[in-house]
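Enquirer: Two chains, each in its own frame: build the complex with the hints.
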Amino acid sequence: MYDAIIFLYQILFSISLFILISTGLAVIFGMMKVINLAQGEFIMLGAYFALLGEVIGLPFILSVVLAMVGVGLFGVLVERLLIRFLYGRLTDTLLATWGLSLLMIGAVTTFLGPQVAGVSVETGRIAVGEVYSISVYNLYIILVAFAALASCWALWRYTTFGMIARAVMANPGMTSALGVDCHRYYMLTFGIGSAISGLAGAMLAPIVGTQPTMGGLYVAQAFVSVITGGELPFLGTLLAGGLFGTTNGVLSYAYSQVIGEIGVFLIAIVLLRFLPHGMTSQKGRS
Amino acid sequence: MKFSRRNFMKAASGALAYASAPSILATAGIAQEKPIVIGNILDQTGGLNIYSLQQIKTTAMAVDEINAAGGVVGRPLELVFYDSQSNNQLNAQYMTEALVRDEAVVVHGGVTSSAREVMRPIVSKFGGLYFYNSMYEGGVCDPRHVCPAMVPSQQLKPLVPHVVQNMGKRAYVLGADYLYPHTMGEWIKRYTEEAGGEVIQTEFFPLDVSNFASAITRIQAEKPDVVWSVLVGNAHNAFYRQYEATVGKDTIPLASCMFGIGREQTYLSADESAGIVNATSFHDGLETEAARVFLKNFRAYTGDESYVGDYGELGYRGVKLWALAAEKAGDPSADAVIEALPGTSFDAPGGKVTIDGQTNHAVMDIHLIRANREQGWDHLGTTEQLEPVDTQAVCSLGS
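First to last, the protein sequences are chains A and P.
Going left to right, the first sequence walks through residues 1 to 286 as our numbering numbers them.
Going left to right, the second sequence walks through residues 1 to 399 as our numbering numbers them.
Chain P with its partners taken away, still in its complex shape (with noise of 0.2 Å):
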C-alpha cells in the first residue's frame, strides 16, 4: 500500500494517525487551524478483512480530498485508523478510545452487524456519531447511526424481478447460518413471491462448511430454475468451485446478493464466476464520469491496479457525506452534524446518495451487475433513487 502524499504518524496502542502532507495544508490556507479528528475503525488483518481494505483507503484518500478543498469549516481533517483484527472486543475497544481519548467527532467503519453492535450503544453513552458503511440486514433505528449503504429492500427489489425474469420462477435459496442470510431469505421469498415465482427450499449452512457436494445432489434433485447464493466468508467460496464442476451455471443458473461483496470474482476462475448475477451500489465497470474520475483517483493515490467495488466506494462516500453536513451545519461537533444530516445529498461514484431523515440510512442507485469473465462486473442496468423501504417501515427518528 502506498500513500504517496501522506505523513504516517504511529500513536499509540495500534491506532495510526494520518495527517495529509503540509504542503496540502499550506496550499488550502487551513495549516494554522486546529485538527478535526474523525476515526476509522476496520478490520485491516483477520477473517473479514476482505470487505475492509479498499475501504481503508479510500476513507483516507476522501480525508486527502476535502483538505485539498479547504477542510470543513476551514479547518483540517485528521484521520485516525484503527485495525479491529476481525475481533469485536477490539471494535469496542477502539470506539472508546477513539471517542475519548482522541476526541474523534465523526467514527467510520465496523463490517458486521455484530461488530455494529458492538460499538452503537458506546455512541450512544459518549454522545458521539457513527457511519456504517456496510450492507446489512437493516431496520437499525438510532439519530447517531447513519448507514449510507444498501439494505435489503434497495438491493433485491430490483434484483429479484430481474431474476424471476430472465432465470426462472423456481427458486432454491442457499445462505449461511446466521441473521443476515436469514434476513436475506425471508426477502427473496417475498420479492419472489411478488414477481409471479416461488422459493421452493432454503437452507442454511454454518460458516466453516466448505463440502457442499449433498447440498447439490439435492438442487440436482429438485431442479429449480435458479439457485441464489446468501452464502458468506472465506470456507463458503467453495460452493462457486463445486457447483460450477458438478452442475453448471450453464445448466442452472446462479443469482447471489452477496457474490462479489468480497471480491470473490478476482480469485475465482473466469468459468467458476462469470454469469452470476448480483445488485450494488457501486461497481468498478460502471460507465460514468463519477466513477471513472474516483477509480482514476484512487490508482493514482494508492498505486493499487486491483478492483475497488462497492466498499471501497462506500467508505469514500461516507466521509464525504459526514463532510457535507458538517459544512451545512458550520459545526463539526456530533450533536451539530445530526441535525444537519438529514437531506444531505453527494454526488458519489456510484450515483446521487441522500440522507433520509426519517431513518439515517440513504436513497440510493442501485445497478444490477452480471460476473464476466475478465474479474469485473457487466452492467445490465441501473434502478435510480431507491428509498431504504423496509427500514422505514419499522423507524421514524425526529418524528
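The following block holds chain A by itself, in its conformation from the complex (with noise of 0.2 Å):
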C-alpha cells in the first residue's frame, strides 16, 4: 500500500520536473517557433532571482514572484533587442540565442562568482507509513508545475488576448491586416514565457541549488519534451511530461538514475522517429 503511493509520487513528481522546465519553453519554442537555446539560463536567472529574494529577506512565495517578473521583464527586453529582429530566421535566431546563452553565463559568473548558493525553504516532510517520508516542498513543485501548465493553457485558450496571439502566431499578416499590433503580442508572448521559466529556476533553486552553469542540466529536457509533444504545445508538453516522466520515474526507481535517462532519450527517439512531428501532430489527418 504504502510502497504504491511512494511509487506514484514518484512517477508525478518526476512528470511535474519535466512539466516545470519545459512549459516556458512550450510558450517559446512551441507557440512562437523560437528556438530558444539560452532556455537554461532563463532558468538559472530564476533561480537567482529565488536567491536574492533570500538575500534581502523576502519570504520564498515572495521571492518565487520576484522571478516570474524579473526573468519575464528581462525576456521582454531580449525580444525587443534581439529576437524581434531574427523572427523567421532560424539558424540565426539558434546562433543569437546560443550566443545569449554564453554571454549569461559569463555575466553571472564574472557579477556573483562562479560557486554553488543555495536557497533554504524550511517545509518538512510528511511520514508515509513506517518507512517512507516524502517532502513537503516536493508535494509544492508537483502543483505548481500542474498549475503553471494549466494556467498557460488557459490564457491561451479562453482569454481574448489568447485568442489574438493565436491568430498572431498562425497568421501575422492577416492579422495585422485587421488592426493588431503583432509586435506586442510577440513581445508579451516571449515574456509569459520567460516568466514561466523563472518561475522553474525558483522553484529548482532550493533542491538543487543556483550555480551560473547549471541551465545545461536542463536545457535538453526541455527541448525533448517540447519537440516529442508536437504541434499543440500545452497538451504536447502534458503529454510527453507524462510519458517521460513516467518512463524515467520507473526506471529509475527500479533500476538507477542512468538507466531512467537513457529510457527517456530512447523513447524520444522512437517516438520522433515514427511521428515526426510530435505526438500532438496534425498532419496527415483530412
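Please note: incorrect hints may appear among the correct ones.
Which bits of chain P does chain A cover? Going by a derived footprint, with three or more residues having C-beta under 8 Å, they are [as the list claims (entries may be wrong)]:
1. 198-211
2. 217-227
3. 245-251
4. 268-278
The list that follows gives simulated cross-link-like pairs (lysine to aspartate or glutamate, EDC-like), each with its CA atoms no further than 16 Å apart [stated by the list, open to error]:
5. P/Lys296 x P/Glu65
6. P/Lys169 x P/Glu198
7. P/Lys157 x P/Glu387
8. P/Lys223 x A/Asp3
9. P/Lys223 x A/Glu130
10. P/Lys157 x P/Glu186
What the hints contain is simulated information worked out from the structure, not anything from laboratory work.
Just so it is clear, CB atoms sit at the ideal spot from N, CA and C, and this is done for glycine as well.
Expert: Below you can see the structure in the form of C-alpha cells.
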C-alpha cells in the first residue's frame, strides 16, 4: 500500500519536473517557433532571483514572484533587443540565443561568482507508513508545475489575449491587416514564456542550489519534451512530460538514474521516428 | 583578494609572477641573489575552482614567509602562477611553460587525477619535480611526483570504524561515477567489513545528476543505518538538500569523505550540513598552536575571513616541505631535492607531516570531524602519524 503511494509519488514528481522546465519553452518554441537555446539560462536566472529574494529577506513565495517578474521583464528586453530582428530566421535565432546563453553564464559568473549558493526553504516532511517519508516541498513542486501548465493553457484557450495571440502566431499578415499590433503580442508571449522559466528556476533553487552553469542540466530535457509534444504545445507538453516522467520515474526507481535517463532518450528517438511532428501532430488528418 | 605586501607582475600568456616586496628581500638580505622560480598551476576559474581558491592564496603566503626568513639556500623564491581554468589541456600547456620557459625547479598544483596524469609525463620528460597537493585515490609511484595529502587508507582508517561503531553497521554508499569514488567505495566496503559492518548497496551517479528522489526512495526502502556520500562537484550538492528535506540525518545519519572538501558546509544551510561526519588532514576548528598561527597569518595576509579548510593548508604544507628538502640538499635543483625528500618533516598547521621515501607520499595526522551549525567543524579526535599503507603496498621507490 505505502509502496504504491511512494511509487505514484515518484512518477508524479518526475512528470512535474519535466512539465516545470518545459512549459516556458512550450510558450516560446511551441507557440512562437523561436528556438531559444538560452532556455536553460532563463531557468538559471530565475534561480538567482530566488536567491536575491532570500538575501534581501523576502519570504520564499515572494521570491518566486520576484523571479517570475524579473525573468519576464528580462525576456521582454531580450525580445525587443534581439529576437524581434530574427523572426523567421531559424539558424540565426539559434546562433543568437546560443550566444545569449554564453553571455548570461559569463555575466553571472563575473558578477556573482562561480560558486554554488543555496536557497533554504523549511517545509518539513510527511511520513508515509513506517518506512517512507516525502518532502513537502516536492509536493509544492508538483502543484506549481501542473498549475503553471494549466494557467498557460487557460490563458491561450479562454481569454481574448490568448485568442489574438494564437491568431498572430498562426497568420501574422492577416491578423495585422485586422488592426492588431503583432509586435506587442510577440513581445508579451516571449515575456510570459520567460516568466514561466523564471518560475521553474525559482522552484528548483531550493532543491538543486544555484550556479551559473546549471542551465545546461535542463535545456536538453526541455527541448525533448516540447519537440516530442508536437504542434499543440500545452497538451503536447503534458503528454510528453507524462510519458517521459513515467518512464524516468519507473526506470530510476526500479534500476538507477542512468537507466532512467537512457530510457527517456530512447523513447524520444523511437517516437520521433514514427511521429516526426510529435505526439499531437495534426499532419495526416483530413 | 588582497595581497597587501606583494608586487604583481603581469607576465605573458596568462602566467602571473609574484615576487615578494623588495623591502622583505632587503630585510632578509637576499635582494641581490638570483631568484629560484617555483610554479603553481591551479584552477582559479571554472567548475573545479571551489577546491583551488584558498590553495592559490596559501601557496603565495608560504613563499612570502620563506623569503622573509631568508629564502632557500640564501636565494629568494619567485612564484609564477598559472590559471588552468578547470581545463586539462591548459594543465599540460602550463606545465611545459613552467618547466621550459620559466625554468621552474618545482611545480605545485593540479586538483583532479586527470589533471595530474596530464602533467606527470611532462614532468618526467623534462626532468622536473611536481607536488600534487590534493587528496586522491592513491597508488602513484613516481620519484618526480610528491603528494603530501591524504590517500584513502589514511582518511578511511580512522573514519570507517567510528562510523560503524557510532552510526551503525549497515551502510549504503552513494558516489560519483568515476575512478576516485569507485576506489573510495571499495575501501569503504573493506574497512566496514573489517569493523564488523556491511555495505548493503553501492550506487554511482554521473556528475550532472541533480535529482536524487529515486535514490532517496531506494535508501528508505533498504533502511540502512548510515548513508555514505562520495558525491563530487556542484550538481551533486543537491543530494544534501534533498536528503535533509526527505529523510533527514536525524532518521538515517550521513558520513562522507568528500563533504566539506569544496567547503560545501559554507553554502548549505545549518540543517543540511550539521552532523555529517568526515576525516581530514586539517580543518579550521583545530585547536593547536600551529593551526591558530596559520589561520591568524592567513587572515592578515589575505584579508579573507572565510573558511580556509584542508585544500588551503595543503598548498602551504607542500611549499614548506619542498623548501625544507631544498635547504637540506643545499641545492634547489629538482634532482638534488628528490634525493633529499625522504624523511623531510614539517610541523604543518594540521600536524607533523613526513615524506615517506618509499612512496613520496606523506605520513600525517588525521582528524575526525563533524559539521556543526556554524559552517565549521567540531573536532572529534585525532589519529596520529598514519602511513599511506595502500600506496606503500604497490610502490617501492629507491629500492
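Enquirer: Run every hint past the structure and note whether it holds.
Expert: Comparing the hints with the structure gives:
{"no.": "1", "hint": "198-211", "verdict": "holds (count 7)"}
{"no.": "2", "hint": "217-227", "verdict": "holds (count 5)"}
{"no.": "3", "hint": "245-251", "verdict": "holds (count 5)"}
{"no.": "4", "hint": "268-278", "verdict": "holds (count 4)"}
{"no.": "5", "hint": "P/Lys296 x P/Glu65", "verdict": "13 Å, holds"}
{"no.": "6", "hint": "P/Lys169 x P/Glu198", "verdict": "6 Å, holds"}
{"no.": "7", "hint": "P/Lys157 x P/Glu387", "verdict": "10 Å, holds"}
{"no.": "8", "hint": "P/Lys223 x A/Asp3", "verdict": "14 Å, holds"}
{"no.": "9", "hint": "P/Lys223 x A/Glu130", "verdict": "11 Å, holds"}
{"no.": "10", "hint": "P/Lys157 x P/Glu186", "verdict": "13 Å, holds"}
Checked against the numbered hints above, the structure breaks none of them.
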